[in-house]
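Chemist: Sequence:
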Amino acid sequence: MLDKKYNHEQVEENKYDFWLEKDYFKCDENSGKKPYCIVLPPPNVTGVLHLGHAWDVALQDIIIRYKKMQGFDTLWLPGMDHAAIATEAKVVKRLKEEGINKYEYGREKFLEACWDWTHEHGDIIRKQWAKLGVALDYSKERFTLDEGLSEAVKKVFVDYYNEGLIYRGEKIINWDPVAKTALSNEEVIYAEEKSAFYHLKYKIEGSDEYLDVATTRPETLFGDTAVAVNENDERYQKYVGKNAILPLVNKPIPIITDEHADMEKGTGVVKITPAHDPNDFEVGNRHNLERVIIMNDDATMNELTGKYNGMTREECREAVLKDLKEQDLLLGIEPLVHEVGHSERTGVMVEPMLKKQWFVKMRPLADKVLETQKKKDEKVNFYPSRYEKIMNHWMEITYDWCISRQLWWGHRIPAWYKGDEIYVGMEAPKEEGWVQDNDVLDTWFSSALWPFATLGWPSSTKLLEKYYPNQCLVTGYDIIPFWVNRMTFQGEKLLGKRPFEDCLIHGLIRDKEGRKFSKSLGNGIDPFDMVKLYGADSLRYYLATDVAPGTDMRFDEEKIKASWNYINKIWNAARFVLSNIEDLKEISLTNLKKEDKWILSKFEKTLHETIKFMDKYEFNNAGSSIYEFTWNYFCDYYIEMAKYTIGDISTKSTLCYILTGILKLLHPFMPFVTEEIYGMLPVKESESIMTSKYPEYNKEYIFKEEELIDDSVEFIKSFRNVKAENNMTKDLKIMFDTKDNIDLIIKVLRLEDNLIDKPLDIKSYKVFSKNIKATIYYEKIETDSDKELKENQINMLKSSIERREKLLSNENYVNKAPANIVELDRQKLAEEKQKLAELLKK
RNA sequence: GGGCGAUUAGCUCAGUUGGUUAGAGCAUUUGCCUUACAAGCAAGAGGUCACAAGUUCGAGUCCUGUAUCGCCCACCA
Numbered sequence: 000m001l002d003k004k005y006n007h008e009q010v011e012e013n014k015y016d017f018w019l020e021k022d023y024f025k026c027d028e029n030s031g032k033k034p035y036c037i038v039l040p041p042p043n044v045t046g047v048l049h050l051g052h053a054w055d056v057a058l059q060d061i062i063i064r065y066k067k068m069q070g071f072d073t074l075w076l077p078g079m080d081h082a083a084i085a086t087e088a089k090v091v092k093r094l095k096e097e098g099i100n101k102y103e104y105g106r107e108k109f110l111e112a113c114w115d116w117t118h119e120h121g122d123i124i125r126k127q128w129a130k131l132g133v134a135l136d137y138s139k140e141r142f143t144l145d146e147g148l149s150e151a152v153k154k155v156f157v158d159y160y161n162e163g164l165i166y167r168g169e170k171i172i173n174w175d176p177v178a179k180t181a182l183s184n185e186e187v188i189y190a191e192e193k194s195a196f197y198h199l200k201y202k203i204e205g206s207d208e209y210l211d212v213a214t215t216r217p218e219t220l221f222g223d224t225a226v227a228v229n230e231n232d233e234r235y236q237k238y239v240g241k242n243a244i245l246p247l248v249n250k251p252i253p254i255i256t257d258e259h260a261d262m263e264k265g266t267g268v269v270k271i272t273p274a275h276d277p278n279d280f281e282v283g284n285r286h287n288l289e290r291v292i293i294m295n296d297d298a299t300m301n302e303l304t305g306k307y308n309g310m311t312r313e314e315c316r317e318a319v320l321k322d323l324k325e326q327d328l329l330l331g332i333e334p335l336v337h338e339v340g341h342s343e344r345t346g347v348m349v350e351p352m353l354k355k356q357w358f359v360k361m362r363p364l365a366d367k368v369l370e371t372q373k374k375k376d377e378k379v380n381f382y383p384s385r386y387e388k389i390m391n392h393w394m395e396i397t398y399d400w401c402i403s404r405q406l407w408w409g410h411r412i413p414a415w416y417k418g419d420e421i422y423v424g425m426e427a428p429k430e431e432g433w434v435q436d437n438d439v440l441d442t443w444f445s446s447a448l449w450p451f452a453t454l455g456w457p458s459s460t461k462l463l464e465k466y467y468p469n470q471c472l473v474t475g476y477d478i479i480p481f482w483v484n485r486m487t488f489q490g491e492k493l494l495g496k497r498p499f500e501d502c503l504i505h506g507l508i509r510d511k512e513g514r515k516f517s518k519s520l521g522n523g524i525d526p527f528d529m530v531k532l533y534g535a536d537s538l539r540y541y542l543a544t545d546v547a548p549g550t551d552m553r554f555d556e557e558k559i560k561a562s563w564n565y566i567n568k569i570w571n572a573a574r575f576v577l578s579n580i581e582d583l584k585e586i587s588l589t590n591l592k593k594e595d596k597w598i599l600s601k602f603e604k605t606l607h608e609t610i611k612f613m614d615k616y617e618f619n620n621a622g623s624s625i626y627e628f629t630w631n632y633f634c635d636y637y638i639e640m641a642k643y644t645i646g647d648i649s650t651k652s653t654l655c656y657i658l659t660g661i662l663k664l665l666h667p668f669m670p671f672v673t674e675e676i677y678g679m680l681p682v683k684e685s686e687s688i689m690t691s692k693y694p695e696y697n698k699e700y701i702f703k704e705e706e707l708i709d710d711s712v713e714f715i716k717s718f719r720n721v722k723a724e725n726n727m728t729k730d731l732k733i734m735f736d737t738k739d740n741i742d743l744i745i746k747v748l749r750l751e752d753n754l755i756d757k758p759l760d761i762k763s764y765k766v767f768s769k770n771i772k773a774t775i776y777y778e779k780i781e782t783d784s785d786k787e788l789k790e791n792q793i794n795m796l797k798s799s800i801e802r803r804e805k806l807l808s809n810e811n812y813v814n815k816a817p818a819n820i821v822e823l824d825r826q827k828l829a830e831e832k833q834k835l836a837e838l839l840k841k
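Using numbering that gives the first Met the number 0, the first residue of the first sequence is number 0, and each one after it goes up by one.
Not one of these hints is a red herring.
Calculated cross-link-like contacts (lysine-lysine; reagent style DSS-like; alpha-carbon spacing at most 25 Å):
| # | residue 1 | residue 2 |
| --- | --- | --- |
| 1 | Lys531 | Lys518 |
| 2 | Lys373 | Lys496 |
| 3 | Lys840 | Lys827 |
| 4 | Lys716 | Lys834 |
Please keep in mind that the hints were generated in silico from the structure rather than gathered at the bench.
My request is simple: use the sequences and hints to build the entire structure.
Modeler: So this is what it looks like as structure tokens:
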């Protein structure tokens with residue numbers, strides 16, 4: 000006998016180990032079954048799992064368990080990401096707390112510390128996955144920095160280099176002066192900041208005239224090597240060819256014309272700093288200007304800035320402004336709010352700087368994706384489809400990807416230098432004197448290979464053959480530019496096929512007020528606190544069903560409680576069923592009663608809907624569909640009715656059949672409790688619900704309406720309504736005009752002692768459904784509120800009848816609207832008229 | 001400067017191709033310890049679907065515009 004209350008702790012204990020022991024999570028690449036593969040977005044080993052991860056894996060587990068039960072050979076491949084810059088920052092911080100400096104410690108020992116960190120957090124993450132009950136195939140687990148991935152990464156680098164798709168070049172890149180590394184565009188977060196246009200006086204050499212140069216970054220003037228105006232700008236033509244005097248420095252720099260100078264913007268005069276601005280860099284190239292780097296790697300000013308040497312950017316700006324003012328070179332300050340780039344990881348203001356870095360040439364790779372996305376059967380299908388636009392747009396505008404990072408934790412770049420010579424290869428050159436590049440690759444360079452490198456690529460393995468392309472990828476929309484896009488162009492370039500057929504995108508989880516979860520706000524919620532309080536099943540069900548696909552979610556603990564209540568409801572329904580079917584030997588759905596047929600029909604309808612929603616990844620809709628069936632039909636009606644025929648084989652069979660069906664439909668959402676209850680069924684097809692078959696839509700159990708009890712249900716509702724609205728007590732009397740099909744109604748409504756067969760001469764109330772009619776006799780003094788209620792009812796009926804009559808007299812409506820809709824209106828009208836007549840009679 | 005999303009009951013959210021009187025959970029009101037469940041049962045109340053105009057017999061749903069909020073993208077000196 001089950002406990003009276005659902006005990007999630009007890010239910011969830013040991014189940015995961017049982018599944019693992021039975022190898023239920025393992026794929027079977029040698030089976031003839033159709034493959035269904037998802038690779039898990041590898042969480043960073045930086046930390047532990049948060050609510051967002053819980054959401055992400057819950058969705059994937061639902062898909063995997065659903066597909067497995069449907070007979071697919073499922074592979075859900077787990078793994079973790081070494082997260083180069085993020086992990087390195089954590090390890091640096093930890094060492095610092097121990098008084099150790101990264102550089103003094105040395106590369107080798109530092110990497111050891113990183114591996115220690117990785118193993119520690121990897122263990123925690125695996126335990127967390129277990130708590131959530133996710134069906135990951137650990138025998139295939141990978142790490143972005145493991146041997147296989149490293150080989151794949153090297154191969155891509157070498158091949159691309161030989162093909163000209165990877166090159167080393169000196170360009171303006173985003174420099175993180177805290178992490179002291181280059182960043183890609185995607186790693187730069189733009190945020191609005193209060194700033195100003197500073198109008199600087201650049202005097203014309205040998206004249207009293209000057210140019211008004213507006214800039215937001217006066218401290219970069221030391222790197223100016225020209226001043227540009229537009230060639231069509233008549234205001235400044237007379238100065239072109241002359242020199243301007245660089246303020247403070249008093250160095251002459253040429254006044255040039257360039258298309259970059261926009262007459263409409265600012266004063267139309269722009270200072271050119273080729274080593275610290277991407278646009279100016281281009282201008283510099285066009286005009287062969289000198290590139291003067293004026294900052295150190297930590298973004299302090301360097302020796303080229305003279306007395307400002309050693310100042311931070313901010314200090315230097317203050318000092319420069321002060322000095323400019325003193326020398327009457329500051330024309331004005333115009334307040335301005337603009338977007339300033341910050342490092343995604345360290346939060347520091349990014350410095351555009353001229354650096355020699357490695358790049359991936361993006362245009363040909365991106366074009367291939369744009370081409371493929373036009374082909375219906377070859378494209379990545381996004382759910383919701385609008386996210387496809389984000390990827391396509393990115394492919395259109397993307398430019399070369401800076402992949403080198405001045406870090407230690409990661410895939411070291413397979414390039415060696417000897418003087419001016421470069422060697423790129425899988426192994427170090429044999430000869431003496433070659434020195435390997437010190438840098439590592441962007442962490443996303445390896446994760447971009449995740450859908451196939453984890454399956455053995457570049458070797459042609461059985462896994463790769465069977466599970467590539469993956470069937471689905473699940474991730475948040477914030478990861479599309481970093482990861483989804485890059486997997487797509489890499490997969491299509493390297494394997495000639497999309498990496499996954501479907502891409503299910505979910506939103507971000509926020510706190511109750513709609514704010515992002517963040518350390519600084521201190522609003523974080525540990526999902527495992529929730530697991531402890533309500534169980535993993537409750538948390539998963541909540542996460543999977545709360546919002547429509549692709550939208551953000553506001554965290555609400557009350558809803559997890561509601562999920563718990565739902566499971567408790569299922570638990571108790573199971574308690575009733577199991578305690579009454581202990582002696583059931585087999586399910587026999589013959590000699591069915593009307594109510595059996597009714598619930599079976601409802602179940603088939605629910606199943607049909609559920610499958611439709613599951614296949615579209617609309618778990619919220621699938622969830623509601625199952626919920627409604629379980630609670631409102633099975634519990635509220637069928638179980639109540641079953642109590643009166645519980646001895647029948649057909650009743651027991653139907654109870655068992657429906658309960659089994661509910662458990663199966665819910666299993667992907669709440670694996671633990673469904674496994675627990677499934678294990679107690681007297682008749683079942685397999686040891687575990689995980690290896691049972693998902694129900695298939697069966698028209699055999701769709702019965703005709705006249706064989707069902709919908710009409711009785713309608714009568715029951717009508718009776719309860721009249722009884723409650725008139726505050727009737729148990730001593731009401733009722734006379735049935737209809738004699739057929741009323742036994743069940745009498746039982747459910749407990750009317751055995753209230754039946755009479757002759758009218759009484761007291762106040763009466765009509766109760767009826769389409770086919771069943773009865774009169775309640777109940778004497779009660781009518782109060783004002785009763786009268787009001789009745790009047791309201793009459794008025795509502797009258798207005799509804801009026802509306803419908805008008806509608807039905809509209810020829811356009813009757814002719815153009817579908818016949819069944821019109822017919823329905825006619826029926827309703829007739830019913831309403833009848834009801835009104837009954838009410839008015841009294 | 002482009003693009004996307006949101007706006008529906010007190011709160012959090014659903015509403016598929018336009019079609020019964022717009023739904024759910026929580027909260028709320030009334031009545032119930034009915035032998036699976038009081039974390040429950042039964043019955044209610046609660047919404048001019050942000051605004052305006054349009055198409056249509058019919059609009060929460062489609063078209064146009066507006067407002068507010070949010071997000072993404074973009075080299076605005």
